[in-house]
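Number of protein chains: 2
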Amino acid sequence: MGALHVLKVGTLLLTVTVCNGWLFDGFGTRRRSESDEVALWPLPQKFQTSGDAFRLNAASFQIVHAKESTAGPSCSLLQNAFRRYYIYIFGNGRKHGQNLDNVFNSDLAELQVQITSADPECDGYPSLKSDESYQLEVNQPAAVLKAASVWGALRGLETFSQLVYEDDYGGQNINKTSISDFPRFAHRGILLDSSRHYLPLKVILANLEAMAMNKFNVFHWHIVDDHSFPFQSRTFPDLSHKGAYHPYTHVYTPADVKMVIEFARMRGIRVLAEFDTPGHTLSWGKGQTDLLTPCFSGSSPSGTFGPVNPILNSTYDFMTRFFKEVSTVFPDAYIHLGGDEVDFTCWKSNPDIQKFMEKQGFGQDYKKLESYYIQRLLDIVSTTNKGYMVWQEVFDNGVKLKADTQLHVWKEKPPYHDEMARITAAGFQTLLSSPWYLNRISYGQDWLGIYKADPQNFNGTAEQKKLVIGGEACLWGEYVDATNLTPRLWPRASAVAERLWSDENVKDIGNAYDRLVKHRCRMVRRGIPAEPLYVGFCPHEYSGN
Amino acid sequence: MGALHVLKVGTLLLTVTVCNGWLFDGFGTRRRSESDEVALWPLPQKFQTSGDAFRLNAASFQIVHAKESTAGPSCSLLQNAFRRYYIYIFGNGRKHGQNLDNVFNSDLAELQVQITSADPECDGYPSLKSDESYQLEVNQPAAVLKAASVWGALRGLETFSQLVYEDDYGGQNINKTSISDFPRFAHRGILLDSSRHYLPLKVILANLEAMAMNKFNVFHWHIVDDHSFPFQSRTFPDLSHKGAYHPYTHVYTPADVKMVIEFARMRGIRVLAEFDTPGHTLSWGKGQTDLLTPCFSGSSPSGTFGPVNPILNSTYDFMTRFFKEVSTVFPDAYIHLGGDEVDFTCWKSNPDIQKFMEKQGFGQDYKKLESYYIQRLLDIVSTTNKGYMVWQEVFDNGVKLKADTQLHVWKEKPPYHDEMARITAAGFQTLLSSPWYLNRISYGQDWLGIYKADPQNFNGTAEQKKLVIGGEACLWGEYVDATNLTPRLWPRASAVAERLWSDENVKDIGNAYDRLVKHRCRMVRRGIPAEPLYVGFCPHEYSGN
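Protein chains in written order, with this note's numbering: chain A, 75 to 619; chain B, 75 to 619.
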């Protein structure tokens, strides 16, 4: 009755020799095999560790600002992070007694965090250009974490917490370690879709926490779509009042959005909002008359609506005011403008659109009409001083783009390798999602395929490769909501996290399996219901619902 | 970027005309379209409803024993059920004031529950022969639920609670309704596997609750397997102490097992324990020396172990004592003895086994050795006065079986239709799981295939069809634990629930979709994180983790 052939696959996997090439041994005394304990994820770029173990005394250990740091106690972003990582390491409810009688020579007294830039960016927002690199030295009497800005410090704090392991007496330990780390790609994102199903704030915040545990730095918020419009606009309140599943219980108020942005900022995560047009906009039409194209059945309106109506001036007036608000609400330097999957059927049916096509000399080429719309939209958004990101069709359809446009590759056909090559050959920045549509599920260990995909795996020059800014794991919302989103996303998205952070040569499957199993148990222990990779157990099982 | 082709499938589905053939209209006054509100799942066998609506006053409505009932307040099973369904209908924390000033003519005052048999079975256990039929009349001044025993009353209470719908003022309403209902099959089960991953008690209990909401009546507890032995035996404590993932945190104590059985009993659910031998027993060997066959590499033991050693008397002594305990711990009349997927490699390698084969005249036919073992095991279990259920291989391999043995069909090849035909032609009872391995997941609405499968869909006589006692949805544990089990199982298992309870002609997909969407929202509202079928929302979204 059991699933024998699956067992076989698993056995094969488990017997792959775990390559500990990433572990160095060397310095001496009180050693234990930390490979049994420590599982860093994603793997740092350079790191050396030894068997020398230090103990962390919950009553006296502290995370502090280094004397030389340009940041201090007024940096609430770091203060919050210190608290968060203290709790991850020791759990809630530990007494902090400063009882120095119980401090031993073998203890690690503190972690000193030193920000080296003149501006630590405590109150800033992370950006594509943020420096996330850090150096971590764990040695007596104190560990030192150095980073140019808070963004690197956040990544280093996560790594520090991952180095800590529990011994058989329940005590916390850390080995002598030296790490120099930085991300391979600057854009490492997760897309969540709050339109096909509404996602309660709690779910979004939990996933931001999980993202930080995996060093993701972009929350791509696909906030509205055909099915519902939960974003509450101050300028056009009818959009959510009429377009959300429910005007009160299924919306994101301005305060909600602010909270998401701040919660993300505290974790070094950008919030990249997507307002996809001209397709995927059915829900917009409910609260905004004349925005969508009326479809015709023969010579009379059918009562249904198509994409945004590109021939009316009122459309562009609306977009101007709407994106002005959006650009204020979302502080990130980029907006995602969508532009994918425009269905021309409705446009073709509409006599006014036909006349406009004729007047413009577009013939029967509706891609030209699409380009006309996108062109005008991009001009509008440019006035807000935001950069923009669009789905690959906008490039494929020949829309004229600003040189700094970022093109988001999602299609499976043509093969994404070819698309990435074409886009970068044209000199545009790009990021990859095609192999990382994590909404698509299948039976078994599908993290393997996710892990093997690489955004720079295409034929191109070194210059072209540099135009790849990273990638995003996408969890489209057709089949997920608050009931199943988090376990479906984690730890599968962790595979993407390592691909985007670690060196391109980090691809040993046996070693990754070993670390990922432990990393997922760590997420579980921190309250994230990350699902199991395969048969086994966590010392601390999930105790939530 | 979105998943367009999936949208198309969904649209198609959503536009299938919902056939309300199961709705009758007729009696008059204060009508509303209850098809928008009420979604019965699984669909009752016979039922009539009208637009006449009655209100349920939370302060005065009660569920009571009918005067004529053979059960009364001493029947704690029913008392508990009354409370449970009151809370499902009105939520927790409602004041019960008996303020009759606020009672109106249009109110439904109470639900009277009448047990008609001399023995209501309040303190009994449900069995394969339990009468789960019931009649429900919802009319003023009181609704009446009649059933021979508490088991039918439990099913009727669930149906009553499903008839209640909330109006726009948050009030609870029910329409005039007449239902006569009974299950199509007597065995309607869910298999959970607590060996590949340990399942905390909380998860098991939550799923028993969900089972009751779907009128399932058998919890098939695949409690131990190769990977771990969490069942704590009083007779052989080393089995779990050495064979569980952890001797304290990952075991089921006798008290735990008792609690599961009682929690299930209160919901009319049998607990059918499976102790699978001679294969799937690696974890047994850790705590019981000489139980497993030592495998040989050439002429010397390799240090690994195979199936239970069938040639030692000590094996049968152990099984006698072990199953004596098991038969006491689990009150159900049946034990599942497994018997599947016996790998002969190890037996073949062992010289003592080879000698035994020769002595018995088995030649090289290891199926004969397997049969020899199973035969002796069945004799042992027969002395405990339990019936037994085994996986189909035991039949396929020609083991001599008692006439009342139940054969569990799980393989995909040969096609289960043929297997069911063969088994019933031989006169044995059988149940189906092949199309219901819900651990196997795929992208999209896979409940459709689950829903369409039918255990009586094979060529056979009416007599043969009668030997089909039902089926089980199986959720093998390779990829599920406390983090993801419940949303992965529900509402996909609900599709099996309707197939096993409702009339065989209930198979309209559009109607089922419509009801199942609402049924899953009802489960969500009751605290079960059942995942969405497709795009949409629930008025009360899941608020757990």
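Derived by calculation from the structure, the hints in this document are not laboratory data. Just to be clear, a hint being listed does not mean it is correct.
All copies of an identical chain are treated as equivalent in the list; a pair is satisfied when it fits inside any one copy or across any two copies.
Computed cross-link-like contacts, BS3-like style, restricted to lysine-lysine with a CA-CA straight-line distance of at most 27 Å [what the hints assert, rightly or not]:
#1 K485 <-> K141
#2 K332 <-> K460
#3 K442 <-> K592
#4 K332 <-> K474
#5 K592 <-> K360
#6 K316 <-> K526
#7 K316 <-> K540
#8 K460 <-> K433
#9 K485 <-> K398
#10 K474 <-> K592
Quick one: K474 to K592, C-alpha cut-off 27 Å, is that within a copy, between copies, both, or neither? Neither, since 47 Å and 47 Å both go past 27 Å.
Is it within a copy, between copies, both, or neither that the alpha carbon of K332 lies no farther than 27 Å from that of K460? Only inside one copy: K332 and K460 sit 18 Å apart there, 63 Å across copies, limit 27 Å.
Alpha-carbon proximity between K316 and K526, which holds within one copy, between copies, both or neither at 27 Å: Neither way: K316 and K526 sit 44 Å apart in one copy and 38 Å across, limit 27 Å.
With identical chains, the pair K332 and K474 could be close in the same copy or across copies; at 27 Å between alpha carbons, which is it: within, between, both, or neither? Neither: 33 Å inside a copy, 70 Å across copies.
Cα distance capped at 27 Å. Does K485 pair with K398 within a copy, between copies, both, or neither? neither (30 Å within a copy, 60 Å between copies)
Since the copies are identical, ignore which copy is meant and state whether K442 and K592 lie within 27 Å (CA to CA) inside a copy, between copies, both or neither. Neither: 52 Å inside a chain and 44 Å across chains, both beyond 27 Å.
With 27 Å as the alpha-carbon cut-off, assign the pair K460 and K433 to within, between, both or neither. neither (32 Å within a copy, 85 Å between copies)
For K485 and K141, with the copy left unspecified, which applies at a CA distance of at most 27 Å: within, between, both, or neither? Neither: 51 Å inside a copy, 68 Å across copies.
Same-copy or cross-copy closeness of K316 to K540 [CA-CA at most 27 Å]: neither (44 Å within a copy, 54 Å between copies)
Taking 27 Å as the upper bound on the Cα-Cα distance, should K592 and K360 be classified as within, between, both, or neither? between (48 Å within a copy, 24 Å between copies)
In this structure, the earlier hints numbered 1, 3, 4, 6, 7, 8, 9, 10 are contradicted, and the remaining ones agree with it.
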